[in-house]
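**Student:** Sequence:
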Amino acid sequence: MMYLLLIIGFFLLVKGADYFVEGSSAVARLLKVPSVVIGLTIVAMGTSAPEAAVSITAGLAGSNELALSNVIGSNLFNLVLIVGICALIRPFIVDQSIMKRDFPVAILSSILLLFFIRDNFLSRIEGVILLILMAAYLIATVISAIRNPIDMDETAKYLPMHTSLLYILLGLAGIIVGGNLVVDNACRVAAAFGLSETLIGLTIVAIGTSLPELVTSITASRKGESGLALGNVVGSNIFNIMFILGMSSTLHPIAADGVAFTDILILIILTLIIYVFCKLRGQMGRLMGAACTAAYLIYFVYITLR
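Take the sequence shown: its letter number 205 is residue 205 in this note's numbering, and every next letter is one higher.
For the record, the hints were derived by calculation from the structure and aren't laboratory data.
Some clues are possibly wrong.
[As the list claims (entries may be wrong)] In silico SDA-like cross-links for lysine to any residue, where the CA-CA straight-line distance does not exceed 20 Å: (1) 100 to 283; (2) 100 to 251; (3) 100 to 85; (4) 100 to 88; (5) 15 to 135; (6) 15 to 138; (7) 279 to 107; (8) 15 to 164; (9) 279 to 96; (10) 100 to 138; (11) 100 to 140; (12) 15 to 166; (13) 279 to 8; (14) 279 to 101; (15) 15 to 185; (16) 279 to 262; (17) 15 to 180; (18) 100 to 57; (19) 15 to 57; (20) 279 to 90; (21) 279 to 88; (22) 279 to 93; (23) 279 to 5; (24) 100 to 291; (25) 15 to 170; (26) 15 to 173.
Remember, it's a predicted structure, so these values are computed and weren't measured experimentally.
Based on the sequences and whatever the hints tell you, model everything.
**Tutor:** Pasting the structure below:
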(Lines of atoms letter the chains of each structure in order from A; the text may use other names.)
(Lines give C-alpha, C1' and ligand atoms only; values in the text may rest on other atoms or scores of the structure.)
Protein backbone atom coordinates (compact mmCIF):
# COMPACT_ATOMS: atom_id res chain seq x y z
CA MET A 1 0.00 0.00 0.00
CA MET A 2 2.84 2.40 0.82
CA TYR A 3 4.21 2.04 -2.73
CA LEU A 4 0.82 2.93 -4.22
CA LEU A 5 0.49 5.94 -1.92
CA LEU A 6 4.05 7.02 -2.83
CA ILE A 7 3.16 6.90 -6.55
CA ILE A 8 -0.09 8.79 -5.90
CA GLY A 9 1.90 11.38 -3.96
CA PHE A 10 4.36 11.88 -6.83
CA PHE A 11 1.46 12.13 -9.29
CA LEU A 12 -0.23 14.83 -7.21
CA LEU A 13 3.08 16.69 -6.88
CA VAL A 14 3.75 16.67 -10.63
CA LYS A 15 0.18 17.54 -11.67
CA GLY A 16 -0.09 20.13 -8.93
CA ALA A 17 3.14 21.78 -10.05
CA ASP A 18 1.96 21.62 -13.67
CA TYR A 19 -1.26 23.49 -12.85
CA PHE A 20 0.63 25.95 -10.66
CA VAL A 21 3.19 26.70 -13.39
CA GLU A 22 0.56 27.10 -16.10
CA GLY A 23 -1.57 29.42 -13.99
CA SER A 24 1.38 31.43 -12.68
CA SER A 25 2.99 31.77 -16.11
CA ALA A 26 -0.33 32.96 -17.56
CA VAL A 27 -0.54 35.65 -14.88
CA ALA A 28 3.06 36.68 -15.58
CA ARG A 29 2.41 36.94 -19.32
CA LEU A 30 -0.66 39.09 -18.66
CA LEU A 31 1.61 41.34 -16.58
CA LYS A 32 4.15 41.44 -19.48
CA VAL A 33 7.00 39.72 -17.64
CA PRO A 34 9.92 38.40 -19.82
CA SER A 35 10.23 34.61 -20.26
CA VAL A 36 13.69 34.49 -18.62
CA VAL A 37 12.29 36.20 -15.52
CA ILE A 38 9.28 33.86 -15.56
CA GLY A 39 11.71 30.93 -15.60
CA LEU A 40 13.80 32.34 -12.76
CA THR A 41 10.89 33.16 -10.48
CA ILE A 42 7.36 31.87 -11.06
CA VAL A 43 8.20 28.69 -13.00
CA ALA A 44 11.20 27.99 -10.75
CA MET A 45 9.11 28.37 -7.59
CA GLY A 46 6.25 26.37 -9.06
CA THR A 47 8.39 23.46 -10.17
CA SER A 48 10.22 23.57 -6.81
CA ALA A 49 6.95 23.42 -4.90
CA PRO A 50 7.20 19.60 -4.56
CA GLU A 51 10.64 19.95 -2.94
CA ALA A 52 9.21 22.65 -0.67
CA ALA A 53 6.26 20.48 0.33
CA VAL A 54 8.47 17.46 1.00
CA SER A 55 11.31 19.23 2.82
CA ILE A 56 9.14 21.48 4.98
CA THR A 57 6.82 18.58 5.88
CA ALA A 58 9.85 16.40 6.64
CA GLY A 59 11.37 19.16 8.77
CA LEU A 60 8.20 19.56 10.81
CA ALA A 61 8.02 15.77 11.24
CA GLY A 62 11.62 15.71 12.48
CA SER A 63 12.92 13.84 9.41
CA ASN A 64 15.80 16.29 8.99
CA GLU A 65 17.97 13.98 6.89
CA LEU A 66 15.19 13.70 4.32
CA ALA A 67 14.64 17.48 4.25
CA LEU A 68 18.30 18.31 3.56
CA SER A 69 19.13 15.42 1.23
CA ASN A 70 16.01 16.10 -0.86
CA VAL A 71 17.22 19.64 -1.63
CA ILE A 72 20.82 18.61 -2.34
CA GLY A 73 19.74 15.68 -4.52
CA SER A 74 17.21 17.82 -6.40
CA ASN A 75 19.77 20.55 -7.10
CA LEU A 76 22.24 18.03 -8.49
CA PHE A 77 19.52 16.41 -10.59
CA ASN A 78 18.35 19.83 -11.84
CA LEU A 79 21.64 21.39 -12.84
CA VAL A 80 23.62 18.36 -13.97
CA LEU A 81 21.13 15.92 -15.47
CA ILE A 82 18.28 18.18 -16.63
CA VAL A 83 20.60 20.73 -18.25
CA GLY A 84 22.56 17.84 -19.78
CA ILE A 85 19.42 16.26 -21.26
CA CYS A 86 18.21 19.64 -22.60
CA ALA A 87 21.56 20.20 -24.32
CA LEU A 88 21.44 16.70 -25.82
CA ILE A 89 17.95 17.34 -27.19
CA ARG A 90 18.75 20.79 -28.54
CA PRO A 91 22.02 22.73 -27.98
CA PHE A 92 21.27 26.24 -26.76
CA ILE A 93 22.86 29.65 -26.37
CA VAL A 94 23.20 30.66 -22.73
CA ASP A 95 21.29 33.79 -21.74
CA GLN A 96 23.86 36.35 -20.58
CA SER A 97 21.56 37.89 -17.99
CA ILE A 98 21.48 34.49 -16.23
CA MET A 99 25.28 34.22 -16.36
CA LYS A 100 25.83 37.72 -14.94
CA ARG A 101 23.48 37.60 -11.97
CA ASP A 102 21.52 34.40 -11.38
CA PHE A 103 24.14 31.69 -11.95
CA PRO A 104 26.59 33.38 -9.52
CA VAL A 105 23.76 33.64 -6.96
CA ALA A 106 23.14 29.89 -7.31
CA ILE A 107 26.85 29.20 -6.74
CA LEU A 108 27.10 31.55 -3.76
CA SER A 109 23.96 30.07 -2.16
CA SER A 110 25.55 26.59 -2.32
CA ILE A 111 28.80 27.90 -0.83
CA LEU A 112 26.85 29.66 1.93
CA LEU A 113 24.99 26.43 2.72
CA LEU A 114 28.32 24.57 2.92
CA PHE A 115 29.57 27.22 5.37
CA PHE A 116 26.41 27.01 7.48
CA ILE A 117 26.55 23.23 7.93
CA ARG A 118 30.27 23.13 8.73
CA ASP A 119 29.17 22.35 12.29
CA ASN A 120 26.71 19.70 11.02
CA PHE A 121 23.77 21.92 11.96
CA LEU A 122 21.50 24.40 10.17
CA SER A 123 20.06 26.67 12.85
CA ARG A 124 16.97 28.89 12.92
CA ILE A 125 19.12 32.03 12.63
CA GLU A 126 20.84 30.65 9.55
CA GLY A 127 17.43 29.76 8.14
CA VAL A 128 16.23 33.33 8.64
CA ILE A 129 19.35 34.63 6.86
CA LEU A 130 18.58 32.39 3.88
CA LEU A 131 14.98 33.66 3.77
CA ILE A 132 16.14 37.30 3.86
CA LEU A 133 18.56 36.64 0.99
CA MET A 134 15.74 34.95 -0.96
CA ALA A 135 13.52 37.99 -0.49
CA ALA A 136 16.32 40.30 -1.66
CA TYR A 137 16.90 38.14 -4.75
CA LEU A 138 13.19 38.14 -5.64
CA ILE A 139 12.95 41.91 -5.21
CA ALA A 140 15.97 42.44 -7.49
CA THR A 141 14.48 40.11 -10.11
CA VAL A 142 11.06 41.82 -9.99
CA ILE A 143 12.66 45.26 -10.31
CA SER A 144 14.54 43.99 -13.37
CA ALA A 145 11.27 42.72 -14.85
CA ILE A 146 9.52 46.05 -14.27
CA ARG A 147 12.36 47.91 -15.96
CA ASN A 148 12.30 45.56 -18.96
CA PRO A 149 8.65 44.82 -19.82
CA ILE A 150 7.72 42.85 -22.95
CA ASP A 151 4.96 43.38 -25.47
CA MET A 152 2.17 40.79 -25.43
CA ASP A 153 1.48 38.88 -28.61
CA GLU A 154 -2.03 40.02 -29.44
CA THR A 155 -2.62 36.95 -31.62
CA ALA A 156 -1.68 34.45 -28.89
CA LYS A 157 -4.28 32.91 -26.59
CA TYR A 158 -3.89 33.48 -22.86
CA LEU A 159 -5.76 32.09 -19.90
CA PRO A 160 -8.08 34.67 -18.33
CA MET A 161 -7.08 35.91 -14.88
CA HIS A 162 -9.82 34.02 -12.99
CA THR A 163 -8.89 30.72 -14.68
CA SER A 164 -5.21 31.33 -13.96
CA LEU A 165 -5.92 31.90 -10.26
CA LEU A 166 -8.03 28.72 -10.13
CA TYR A 167 -5.13 26.76 -11.65
CA ILE A 168 -2.80 28.19 -9.01
CA LEU A 169 -5.12 27.16 -6.15
CA LEU A 170 -5.66 23.65 -7.54
CA GLY A 171 -1.92 23.28 -8.07
CA LEU A 172 -1.10 24.28 -4.51
CA ALA A 173 -3.69 21.82 -3.15
CA GLY A 174 -2.16 18.95 -5.16
CA ILE A 175 1.34 19.93 -4.06
CA ILE A 176 0.48 20.02 -0.35
CA VAL A 177 -1.41 16.70 -0.33
CA GLY A 178 1.19 15.02 -2.55
CA GLY A 179 4.04 16.28 -0.37
CA ASN A 180 2.54 14.71 2.74
CA LEU A 181 2.00 11.38 0.97
CA VAL A 182 5.57 11.31 -0.40
CA VAL A 183 7.23 12.09 2.95
CA ASP A 184 5.19 9.59 4.96
CA ASN A 185 5.58 6.71 2.52
CA ALA A 186 9.20 7.41 1.55
CA CYS A 187 10.11 7.08 5.24
CA ARG A 188 8.17 3.80 5.40
CA VAL A 189 10.01 2.45 2.34
CA ALA A 190 13.35 3.42 3.89
CA ALA A 191 12.47 1.68 7.15
CA ALA A 192 11.19 -1.45 5.36
CA PHE A 193 14.45 -1.90 3.43
CA GLY A 194 16.77 -0.67 6.17
CA LEU A 195 17.86 2.29 4.00
CA SER A 196 18.86 5.66 5.40
CA GLU A 197 16.63 8.70 4.92
CA THR A 198 19.64 10.42 3.33
CA LEU A 199 19.87 7.86 0.51
CA ILE A 200 16.10 7.89 -0.04
CA GLY A 201 16.16 11.70 -0.11
CA LEU A 202 19.07 11.89 -2.56
CA THR A 203 17.59 9.37 -4.97
CA ILE A 204 13.88 8.44 -5.00
CA VAL A 205 12.48 11.57 -3.38
CA ALA A 206 14.89 13.98 -5.10
CA ILE A 207 14.20 12.54 -8.57
CA GLY A 208 10.45 12.32 -7.92
CA THR A 209 10.14 15.93 -6.75
CA SER A 210 12.35 17.12 -9.63
CA LEU A 211 10.04 15.68 -12.29
CA PRO A 212 8.30 19.07 -12.80
CA GLU A 213 11.67 20.75 -13.53
CA LEU A 214 12.57 17.90 -15.88
CA VAL A 215 9.31 18.07 -17.84
CA THR A 216 9.23 21.89 -17.90
CA SER A 217 12.85 22.32 -19.01
CA ILE A 218 12.73 19.61 -21.67
CA THR A 219 9.48 21.02 -23.07
CA ALA A 220 10.96 24.53 -23.09
CA SER A 221 14.17 23.28 -24.71
CA ARG A 222 12.30 21.48 -27.49
CA LYS A 223 10.41 24.70 -28.21
CA GLY A 224 13.66 26.67 -28.36
CA GLU A 225 12.98 28.53 -25.09
CA SER A 226 16.50 28.13 -23.72
CA GLY A 227 16.05 31.14 -21.44
CA LEU A 228 13.09 29.48 -19.76
CA ALA A 229 14.80 26.05 -19.62
CA LEU A 230 18.06 27.20 -18.00
CA GLY A 231 16.34 29.94 -15.99
CA ASN A 232 13.96 27.36 -14.52
CA VAL A 233 16.83 25.14 -13.36
CA VAL A 234 19.00 27.94 -11.95
CA GLY A 235 16.02 29.63 -10.30
CA SER A 236 14.87 26.32 -8.80
CA ASN A 237 18.29 25.67 -7.28
CA ILE A 238 18.36 29.13 -5.69
CA PHE A 239 14.80 28.68 -4.40
CA ASN A 240 15.58 25.19 -3.05
CA ILE A 241 18.45 26.40 -0.87
CA MET A 242 17.36 29.87 0.16
CA PHE A 243 13.63 29.37 0.62
CA ILE A 244 13.09 25.65 1.21
CA LEU A 245 16.02 25.04 3.55
CA GLY A 246 15.57 28.53 4.99
CA MET A 247 11.92 27.84 5.83
CA SER A 248 12.58 24.24 6.95
CA SER A 249 15.37 25.20 9.36
CA THR A 250 13.44 28.23 10.65
CA LEU A 251 10.54 25.95 11.57
CA HIS A 252 12.79 23.19 12.92
CA PRO A 253 16.64 23.28 13.06
CA ILE A 254 18.21 20.70 10.73
CA ALA A 255 20.98 18.33 11.80
CA ALA A 256 23.44 17.41 9.04
CA ASP A 257 26.35 15.00 8.78
CA GLY A 258 29.63 14.57 6.91
CA VAL A 259 27.81 12.92 4.01
CA ALA A 260 25.71 16.05 3.40
CA PHE A 261 28.88 18.18 3.48
CA THR A 262 30.44 15.98 0.79
CA ASP A 263 27.33 16.11 -1.40
CA ILE A 264 27.14 19.91 -1.21
CA LEU A 265 30.84 20.10 -2.10
CA ILE A 266 30.18 17.92 -5.17
CA LEU A 267 27.26 20.20 -6.08
CA ILE A 268 29.49 23.28 -5.86
CA ILE A 269 32.27 21.73 -7.96
CA LEU A 270 29.90 20.58 -10.73
CA THR A 271 28.07 23.92 -10.71
CA LEU A 272 31.37 25.79 -11.08
CA ILE A 273 32.45 23.54 -13.97
CA ILE A 274 29.18 24.13 -15.84
CA TYR A 275 29.32 27.87 -15.12
CA VAL A 276 32.90 28.26 -16.36
CA PHE A 277 32.16 26.21 -19.48
CA CYS A 278 29.06 28.29 -20.29
CA LYS A 279 30.97 31.51 -19.57
CA LEU A 280 33.80 30.57 -21.93
CA ARG A 281 31.74 28.98 -24.70
CA GLY A 282 28.52 30.94 -24.37
CA GLN A 283 26.47 27.83 -25.12
CA MET A 284 25.66 24.28 -24.06
CA GLY A 285 26.38 21.78 -26.82
CA ARG A 286 25.62 18.09 -27.08
CA LEU A 287 29.14 17.09 -25.99
CA MET A 288 28.81 19.04 -22.73
CA GLY A 289 25.28 17.67 -22.36
CA ALA A 290 26.60 14.13 -22.62
CA ALA A 291 29.35 14.92 -20.08
CA CYS A 292 26.78 16.31 -17.60
CA THR A 293 24.55 13.26 -18.02
CA ALA A 294 27.50 10.91 -17.47
CA ALA A 295 28.61 12.89 -14.40
CA TYR A 296 25.20 12.53 -12.79
CA LEU A 297 25.05 8.79 -13.50
CA ILE A 298 28.50 8.38 -11.89
CA TYR A 299 27.31 10.35 -8.85
CA PHE A 300 24.15 8.23 -8.62
CA VAL A 301 26.19 5.03 -8.57
CA TYR A 302 28.52 6.55 -5.97
CA ILE A 303 25.77 7.49 -3.48
CA THR A 304 24.05 4.13 -3.97
CA LEU A 305 27.21 2.13 -3.21
CA ARG A 306 28.73 4.23 -0.39
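**Student:** If a hint holds in the structure, say so; if it doesn't, say that too.
**Tutor:** Results for each hint:
no.	hint	verdict
1	100 to 283	holds (14 Å)
2	100 to 251	violated (33 Å)
3	100 to 85	violated (23 Å)
4	100 to 88	violated (24 Å)
5	15 to 135	violated (27 Å)
6	15 to 138	violated (25 Å)
7	279 to 107	holds (14 Å)
8	15 to 164	holds (15 Å)
9	279 to 96	holds (9 Å)
10	100 to 138	holds (16 Å)
11	100 to 140	holds (13 Å)
12	15 to 166	holds (14 Å)
13	279 to 8	violated (41 Å)
14	279 to 101	holds (12 Å)
15	15 to 185	holds (19 Å)
16	279 to 262	violated (26 Å)
17	15 to 180	holds (15 Å)
18	100 to 57	violated (34 Å)
19	15 to 57	holds (19 Å)
20	279 to 90	holds (19 Å)
21	279 to 88	holds (19 Å)
22	279 to 93	holds (11 Å)
23	279 to 5	violated (44 Å)
24	100 to 291	violated (24 Å)
25	15 to 170	holds (9 Å)
26	15 to 173	holds (10 Å)
Hint check: violations occur at hints 2, 3, 4, 5, 6, 13, 16, 18, 23 and 24; the rest are consistent with the structure.
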